[in-house]
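Peer 1: What follows is each chain in one-letter form.
Protein chains: 2
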Amino acid sequence: MNYKFSDRVPQSDTDPVGVILKVAGDPKVMSFAGGLPAPELFPVEQIKAAANKVLTEKGPAALQYGSSQGIPELRQVILGRLAIEGIKTDIDHVIVTTGSQQSIDLTGKMFLNEGDTVIVEDPTYLTAVDVFKSYGAHFVGVAMDEDGMRIDALEEALKNNPNTRLIYTIPTFQNPTGRTMTLARRTKLVELAEKYDVLILEDNPYGAIRWEGKNLPSLKSFDKNDHVIYMGTLSKILSPGLRLGWVVADPNLIKKYTMMKQSADLHTDSLAQYIAAEYFAANNIDEHVAGITDLYHKREQIMINAIDKYFPKEVKHSNPEGGMFLWVSVPGVQDSQKLFDAALKRNVAIVPGDPFFGNETIPGTFRMNYSNTPEAKIEAGVKLLSEAIEEVMGK
Amino acid sequence: MNYKFSDRVPQSDTDPVGVILKVAGDPKVMSFAGGLPAPELFPVEQIKAAANKVLTEKGPAALQYGSSQGIPELRQVILGRLAIEGIKTDIDHVIVTTGSQQSIDLTGKMFLNEGDTVIVEDPTYLTAVDVFKSYGAHFVGVAMDEDGMRIDALEEALKNNPNTRLIYTIPTFQNPTGRTMTLARRTKLVELAEKYDVLILEDNPYGAIRWEGKNLPSLKSFDKNDHVIYMGTLSKILSPGLRLGWVVADPNLIKKYTMMKQSADLHTDSLAQYIAAEYFAANNIDEHVAGITDLYHKREQIMINAIDKYFPKEVKHSNPEGGMFLWVSVPGVQDSQKLFDAALKRNVAIVPGDPFFGNETIPGTFRMNYSNTPEAKIEAGVKLLSEAIEEVMGK
Chain A
0 MNYKFSDRVP QSDTDPVGVI LKVAGDPKVM SFAGGLPAPE LFPVEQIKAA ANKVLTEKGP
60 AALQYGSSQG IPELRQVILG RLAIEGIKTD IDHVIVTTGS QQSIDLTGKM FLNEGDTVIV
120 EDPTYLTAVD VFKSYGAHFV GVAMDEDGMR IDALEEALKN NPNTRLIYTI PTFQNPTGRT
180 MTLARRTKLV ELAEKYDVLI LEDNPYGAIR WEGKNLPSLK SFDKNDHVIY MGTLSKILSP
240 GLRLGWVVAD PNLIKKYTMM KQSADLHTDS LAQYIAAEYF AANNIDEHVA GITDLYHKRE
300 QIMINAIDKY FPKEVKHSNP EGGMFLWVSV PGVQDSQKLF DAALKRNVAI VPGDPFFGNE
360 TIPGTFRMNY SNTPEAKIEA GVKLLSEAIE EVMGK
Chain B
0 MNYKFSDRVP QSDTDPVGVI LKVAGDPKVM SFAGGLPAPE LFPVEQIKAA ANKVLTEKGP
60 AALQYGSSQG IPELRQVILG RLAIEGIKTD IDHVIVTTGS QQSIDLTGKM FLNEGDTVIV
120 EDPTYLTAVD VFKSYGAHFV GVAMDEDGMR IDALEEALKN NPNTRLIYTI PTFQNPTGRT
180 MTLARRTKLV ELAEKYDVLI LEDNPYGAIR WEGKNLPSLK SFDKNDHVIY MGTLSKILSP
240 GLRLGWVVAD PNLIKKYTMM KQSADLHTDS LAQYIAAEYF AANNIDEHVA GITDLYHKRE
300 QIMINAIDKY FPKEVKHSNP EGGMFLWVSV PGVQDSQKLF DAALKRNVAI VPGDPFFGNE
360 TIPGTFRMNY SNTPEAKIEA GVKLLSEAIE EVMGK
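Chains as they are written, first to last, in numbering that gives the first Met the number 0: chain A, 0 to 394; chain B, 0 to 394.
FYI, nobody ran anything at the bench for these hints, they're computed from the structure. Watch out, some of these pointers could steer you wrong.
The list makes no distinction among identical chains, and a pair is therefore deemed to hold if it is satisfied within one copy or across any two copies.
Think about it this way: if two alpha-carbon atoms lie no more than 25 Å apart in a straight line, the pair counts; the simulated SDA-like pairs of lysine to any residue are [claimed, not checked]: (1) LYS213 with VAL314; (2) LYS297 with PRO71; (3) LYS315 with PRO373; (4) LYS255 with GLY114; (5) LYS187 with ASN304; (6) LYS315 with GLN63; (7) LYS382 with PRO42.
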């Protein structure tokens, strides 16, 4: 049969990032390409104990259909995570989602009509771009510097695009750059959203993993008139496999999210929700996150030190204070795919920068992940990568 | 803030079925309204053993990000379920979804543009109607009789609606009617799909739960040119809380589903997938399904006997050979909501027929569920319901 797809389906059958991640999955390739947490830190024994307890004490409820908004026990746990971000709220403001990807998808579905504009950081999380595109959105990328999204460029973009419906931002340890938006820019960003009456979608998957600098309040904590929709997740602090995320917004909006979620998948896995709630009841999540933070910091330092030792001096990189990624710019290189190819020839994988941009790309850029590579292997990988960079730079 | 929603969001904040199910959830109400499996049959101990084994033997994989298409172990299990339906295939033809609701949502998103037509059985599964509406589809309802969708009416509908993109059907133990499409109609339906070059979305959540008559082959088993997309689920035979469903189609189409699923929620809960695969490896699912079938049959017989004993003779009901629902028509009643109200006054809940229809409703209809009410309570509930019916009929 000759399928006639809707306009939402990408024409191309090739998913460039899928191809990269597949290649990077080859066991002989050292991959700095993915975005996976370190699996050796998953609290497997504690999750097993939680699963046992949940199935012993409330097996039928954990295996039955449940509320589209999520179980109250988990929404209660989420309030504790929100308090760290300066958000004081109640469980009526929270819906549990099947991971942050679903939070993004439901938001796109709810707010974007064909031809609407979404403002994103340039570069930004590429799968969010795919989602918003599938709902017919145009993109306007706003330039960043080491302090996050540039607010002057944002106001310019808002002025020039009156049909902007959403500003999508990852203010802390941004994917792909690892950069963090300053406090001054955070307050200013929320003011601009109010002034131009557009919504901010604040995505904060990495915020808890900080080894340097002070924790900054979330955009949501400055939100007076419900212009900020906040998203969080357990993927980076507990387990991505469980697919547990959340959206925080005013209760009327959470009702709409709940209706849309019901259409999307009825509700999030009941067993996973009960297990997560029980894990939080029985364990100290802050200690666990401290362990993750220590390990990622160690790996990041090894990576940065190796970069400073081996990469040509002209090459620039971000200096993340937390999170999972850093961002590299190689001056004079026009085609970042060449960097990927040259690295892969040496069995090292990175993600070339192009797919992370909503509009025009910044050439010669790529993303590196340090959370998922054993300490002993990082330096050798960076050394090989430096040879690839030198080859492409024509050194 | 004054939210501006996309056209996909229902204008109304009231979800009529949500209201009914909420009311029906009141512990003092005897509910024939829901569609829940009997939780006392969930194999809690076996799932606990499976969770233990999975977390002991492959904890890190079960808690890590996974493939958007689903783990091969579970897709292998699904092949066994498909063989029962006469579908011989391989795991490249299968994607794991976050329950059937997601299978419907992805299908709507992939195939429906604004103004396209979806042909549905009248009445049909109401949440499917909501999903297709959210993608801008029009509905054409095709009349049913006790043998399922009427094929003459279907051909008429196909002729009159050349922009039909999808025929959505639940051929076996249909929701809400409990009716099963005959073998002759099944073959004819697939022929018509080929003749008019439209896709069939075959939804089969209840097929395994049969106590009478012979198992009928699925529409997919007659499909020569990829005109049938088949959907299945573990919700009714193992656990709905785990949110595990699947779509079966040709591998090129499964690739598109996989891309769309990646946008929707990255992948289905890894732990739930591993637990389900391990459950199937360690247990005899057919024995388990036989236990479910026995209990639902017992409850259905009690309900039918009580209906025949207490309901006015003019009232008609379907006689399901399996599944979870039966369908009641009360002649002379124009407003089925009145039946709901009169029943609720007596602390009994049913679902009035109106929301199940794509277009014009058949008045005086309602759906009854028998899978989730203890045997000892059914007769008393039906007796109260008979009083409600008599009141509305003016007897």
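Peer 1: Run every hint past the structure and note whether it holds.
Peer 2: Evaluation of the provided hints:
no.	hint	result
1	LYS213 with VAL314	neither (28 Å within a copy, 71 Å between copies)
2	LYS297 with PRO71	neither (37 Å within a copy, 35 Å between copies)
3	LYS315 with PRO373	within (24 Å within a copy, 69 Å between copies)
4	LYS255 with GLY114	both (22 Å within a copy, 23 Å between copies)
5	LYS187 with ASN304	neither (35 Å within a copy, 69 Å between copies)
6	LYS315 with GLN63	neither (52 Å within a copy, 31 Å between copies)
7	LYS382 with PRO42	neither (33 Å within a copy, 53 Å between copies)
Hints 1, 2, 5, 6 and 7 from the list above are not met by this structure, while the remaining hints are.
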